[in-house]
Amino acid sequence: MLWWISQIVDLCVVIWLRWMRWRLAFGLVLLLPNSLKASVTQLEPGVFEVADWDWQNQSLLLEGQWRFFPMQLLAPNEARARMSEAYPLKIPGAWNRIPGKDGQPMGAHGYGTYVARVDGLPDLNTPLSLRLQYATSNYRLFWLRSADQDADIMIQAGHVGQSKDESMPQFLEKLQAVPSLPDSGPVWIVVHVSNYHWVEGGMFYAPELGLTERMDRAYYSRFIGTLLLSGMFIMLMLINLSVYLRQRDDKFALWLVLLSAIALLSTSTFFSQVYYFIFTPSLRAHQLFRYGQNAFGTLILTVFNQLVYLQYPRQAKRWIAWVMWSIAMLAQSVYAFSPFTMPIPVLRANQAVVLAFPFLVTWQVWLAWRAREENSGLSMLSFTFFFATLLNDLLIVFRVYTGPMLSSWGLLVIVFMQTQLLAIKFAQAFEKTRSMSRALTELNQSLEQRVALQTREIRSLLTHVKIGIFGLMGSSKKISKDYSQHLEILFEDTRLEGRHGLELLLTGTDLMQDKIDQIDQALNTCMGEAEINFQLNAHVLPTTLKRRDKQGQVHHYELTWDAVPNEEGLIAMILVTVNDVTELRKFESVAQRKSVELAMVGEILGIREDEFRRFLSDARDLLQHSRKLLQSSAQNQERLGLILIDVHTLKGSARTLHLSRLTEALHFLEKNYKGKPLDADAALRLQNDLDGALLILQDYEDVAIQKLKWDADESPMVKVKKELLEGGFLAIKRLLPNLSAEDAQACKPLCHLLQIVSEVPLEPLLKNLLQNTARVAADLGKPAPRLQVHVPMVSCNKAMEQLLRKILIHIVRNMMDHGIELPAERARQGKAANGLISIEAEAVADSIVLRIRDDGRGLDLNELARVHGGASDMSESMIADLIFKEGLSTARTVTDMSGHGLGMAAVRKFVEESGGTVEVVLEPERQGSRRTFHLCVHLPLTGFTNHSHSSGSAA
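When you line the sequence shown up against our numbering, it's residues 126 to 1080, in that order.
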């Protein structure tokens, strides 16, 4: 019912606000002058004429010009006698700019005497009373008739004195019956006022004179209204508190409790009548009273905004909430330190904030109203009403017109409306709960039918599903009566109900007995316990099984285990599903094999056939050599070092050809054994790993032959035929010295032909080997380098060809990784983006000398010395020679390409095994600690055949 009422009121408010939008403003302009007109006629300053005043219907408010004696507290009769000498001053108003005794403006703090004459009062048959709401900041009032020579204090609030110590403020409304008048002659009203505690001094409210009966009735009406207002705030506070205690998660009710409490404390009229009766009048008590009046205003408005933020989060602005809370907290500090002597700018700022805050709050409610938020019309109406009452009070404070203060009642309307909105929300929630209860009742009524239907569906599913499903019941772990029919096919048995499920499932599997015992113990731990026990032991339960059927065939099964709790949350059954994935595993295995073969085909297609066959031959030689080293009698670590050099060399060749499967296997082999002792177990594992690499090599060859149809018997690079040719060439060379000149001349063409077939020209060989730098550069994210080859016209035999292949693999990769910079770095140094690698060869005495260099960053001698562990007593040449030391590398990270410290060590090993030497030649050019250099490789001339002394052209 409340919800429908709220919707109707909301619609009416929307229509009314649209229709009255401009009419309200126009009506306010017409009505405002009527409310601001003067209450009494004044003949001259300090004289009020009230003849023909309608005392029965309204009281007399003595607003206008009074006479004022600045910085003087005159006796009533003296003030009456000297009235014409006094300064004219408007009441209500401040004396801050009135000249004092010295002619200077007296300022806010000081004291003075007000005097005014009232003519035309009714005779003694008319009982009158006088009321003064309060002055700033304390006063005493005298009533002086024409026949009186002096007068006693009629009304007093606080203590009037000529210093701060003698004065005590007290804002209190007082009503006093005036003495009877002997005739209708004039009456003088004299008021002493002092102010040492506030920012402005003077009478801010004019005395009010009226019939005693009417004044008493208005006084007690205001007092009763204040009590009623306070009682309503207390009632709303208790209502919202009870709502919050019932619904703790709803903070809206708690904010309404806070708002009601603050509103109760900020009801200034209530405090002015009650506060001073409860507490002994003192400066401290009055200070607390004034702090409450000032502080609660901004705090109330801030809580208003918080309510709007909670009620309409989509329209409310977060920044407004932050600003209002920040200003409110700052205002509390200012009020606490200066509740009386607040500077005028701060006072005006406070009044501006009090005016701006409700405007911001009402603006946000207006946004919610425009967005058609639920019940926003009621909020809009209440906040607009409060804004109007607050504006009314501010106009009274600024003395634009005189009227009753209404903001407390506007505040009450807001709290009441918000409470009603809260009640509507709870009514809606209650109605929703009732609807849910009815729906739940209907659901419960059809629950048995649904259960029966679902039971039939589950049994139908268990009959037709092609997965084994059964439950293990209790500690006996017997199969429940509801199991899938496919389970009988999997277990090749019937009537499984009541059978020992775990025994039936695990019989004939690949699990050891101790594993079966662990599974049985884990299930015993779970049965009858909380579900957390199953979660803690689930890792013991197998997810895959291999099981032989009665014909001896192996089947692969996938298992799932789920705990089924009872009503008490304890595990009553373990639900097991068994899925036969034998055929799926076969398909997966075939697919995986096909995928590997396809990747190998793609890698082989990127290599020339003759280059691939040569790689297979060299790779087998290296792996067989490593196996022989493993079986030799040399020291373990020495054997391991030589084997790792062979493996690193083969890995570099495979990496260059992008044979990823072989590269990965060799990289893990090198990583697993580097720096570890070679004991018997490690030697056995290494033997298996080398055999595994040979198998991978064989896979590549099988793929090439079977998938790509490369026939080894038709290839000119077949190993057997090559050896026969080389053997024939060597035999003829040995026979030539023993033949006659005529026979030797006849054999020379055949010898030349065999030499061409069995030996390789050096220049094409080097160019071919350097072509692999493009692949290495691509792996490193660098452009392919430029290549230059200058060599004499010589050929090399097979052994020398293999040697050059093995050492250039390491040298070129070292240059590309450590020497030649990235394009951005080369650009900063003014170099071309493509690096340069050059090889020069010349015949010297009994050897061929190769000089290999690049135009990269050079050799960092300091870094080499640091990695070596210090080299204070070593020359630069000795430090440079450290690049050949096994295990020493300046690379920051170890990758499958570099960082192991084996590449250059392998170069020196291979060169020295062939009878040659290799050294680092430092060049004069320096760049900090870096030196340009080249590698000088001396190879024995016996591996070459010199055809001419002329050089080849650059490539």
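One should not assume that every hint holds.
Here are the simulated BS3-like cross-link-like pairs (lysine-lysine), alpha carbons at most 27 Å apart as the crow flies [unchecked claim]: (1) Lys-215 to Lys-226; (2) Lys-591 to Lys-675; (3) Lys-799 to Lys-711; (4) Lys-671 to Lys-603; (5) Lys-753 to Lys-719; (6) Lys-796 to Lys-675; (7) Lys-591 to Lys-711; (8) Lys-671 to Lys-719; (9) Lys-226 to Lys-289; (10) Lys-603 to Lys-591; (11) Lys-711 to Lys-753; (12) Lys-799 to Lys-1010; (13) Lys-675 to Lys-603.
Hints in this document: simulated from the structure, not taken from any laboratory.
Comparing the hints with the structure gives:
no., hint, result
1, Lys-215 to Lys-226, "holds (19 Å)"
2, Lys-591 to Lys-675, "holds (20 Å)"
3, Lys-799 to Lys-711, "violated (38 Å)"
4, Lys-671 to Lys-603, "holds (22 Å)"
5, Lys-753 to Lys-719, "violated (34 Å)"
6, Lys-796 to Lys-675, "violated (46 Å)"
7, Lys-591 to Lys-711, "holds (19 Å)"
8, Lys-671 to Lys-719, "holds (24 Å)"
9, Lys-226 to Lys-289, "holds (19 Å)"
10, Lys-603 to Lys-591, "holds (22 Å)"
11, Lys-711 to Lys-753, "violated (38 Å)"
12, Lys-799 to Lys-1010, "holds (15 Å)"
13, Lys-675 to Lys-603, "holds (22 Å)"
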